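Input sequences plus hints: build the corresponding full structure.
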Amino acid sequence: MATTIFLVNPREGGVTPPSYLLDTYSAAAAYSLRQLKTGVTSVVRVRRSSDNREENFTATEITDGTLTGFCGGGNGFVVTWYDQSGNANDATQSVASSQPRIVLSGVIDTDTNGTPTLYLPTGNSYFNLTSNINEVQQFHNFSVFTRPASGNRTTTSLGAASNDWIFSWATGNARRTDLNTNVSYDTSTSTGLFLQNNNRNSSNGVECWFNGSSIGTGSITTSSFVFTQLLRYSTLGNSVGSLHSEVIYFESDQSANRTAIESDINGYYSIY
Amino acid sequence: MIEGYKYLIEQDALDAQTALRVFYLGDPIPPDRETREWVEVDFGTYEGESFWYIVGDFTEVLGTPTTFNIDTNG
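Going line by line, the protein sequences match chains G and A. For what it's worth, the numbering used here labels the leading residue of the first sequence as 759, then goes sequentially. For what it's worth, the numbering used here labels the leading residue of the second sequence as 94, then goes sequentially.
If you're looking for bench data, these hints aren't it; they were derived computationally from the structure. No experiment lies behind these values; they were computed from the predicted model shown. Some hints here could point you the wrong way.
Stated by the list, open to error - DEER-style ranges, computed between Cβ atoms:
1. S800/G <-> E96/A: 48 to 58 Å
2. G909/G <-> T111/A: 26 to 36 Å
3. P123/A <-> N892/G: 32 to 42 Å
4. A1018/G <-> Y139/A: 43 to 53 Å
Just so you know, even glycine gets a beta-carbon here, dropped at the ideal spot from N, CA and C.
Encoded structure:
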């Protein structure tokens, strides 16, 4: 008796797995409330205000009600913002009063478009990096944040308690790259949701883009600098009320990929 | 200006930090928690004076806070 064997192409008709930004580009450190890479599980660890219990949450669990169920009618604060680059450089805050907030009275903190974000309730809200980032030459940093309309309105992504801010919207509305010495691009009183990225290339040239447009160039020759913290500007931290959704740091100049990366980020956050 | 508590002796600031940790997080802190302190103790200077300080209003534990200045970078 003849046997008929059917050969099935497993690719045909199958479900294409989703791809994420960092499946294509390799970052040195990456923090977000959305999933950035295949295989990432938890994106944040949250402490709830009712009894200080802590749990990890995936990007899906932030939006599907799991996180708000955990927090009940109280607040949720982020103990760890997990590094999604694969380098395990998690951003942590073991001091309760310095933890950024993600849930207020049972409601997720969101930006103006309704996308989950981290809210800084005090000027001393920030994270410590598990490992210092010691940069010597090239970098490219992308961040999504909301600059508030009041307060000192300073915003920084990677930084430290003293010097070495990769980008800062400093006091006096100065937008600048600061690697111990700084390039000030302009002074701007704008507020709201922004996608900012800036780089230093192999020739020490620095440039900064806001919502896809360059705001200026310059040169910084500082030979080495050290980032120890995330969302930290000077001794007093970032502005109260600033919102921080995503920081992706590359240890190389990503000028060739800049528009594609911006497009991915803007496609998710609808910033401009 | 900062609202908080200013200490000229470091140990006094650390004692205040401990009091807040015990009051808010318990003693001992459950082992499955990564939050280890309620507040930070920072070192600051202003007009030549050096001191340690805690930011915030913790009237219930530390009494009424004061306001003070510190030198800042940036």
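Quick one: which hint numbers does this structure break? Sort them smallest to largest.
Failing hint: just 1.
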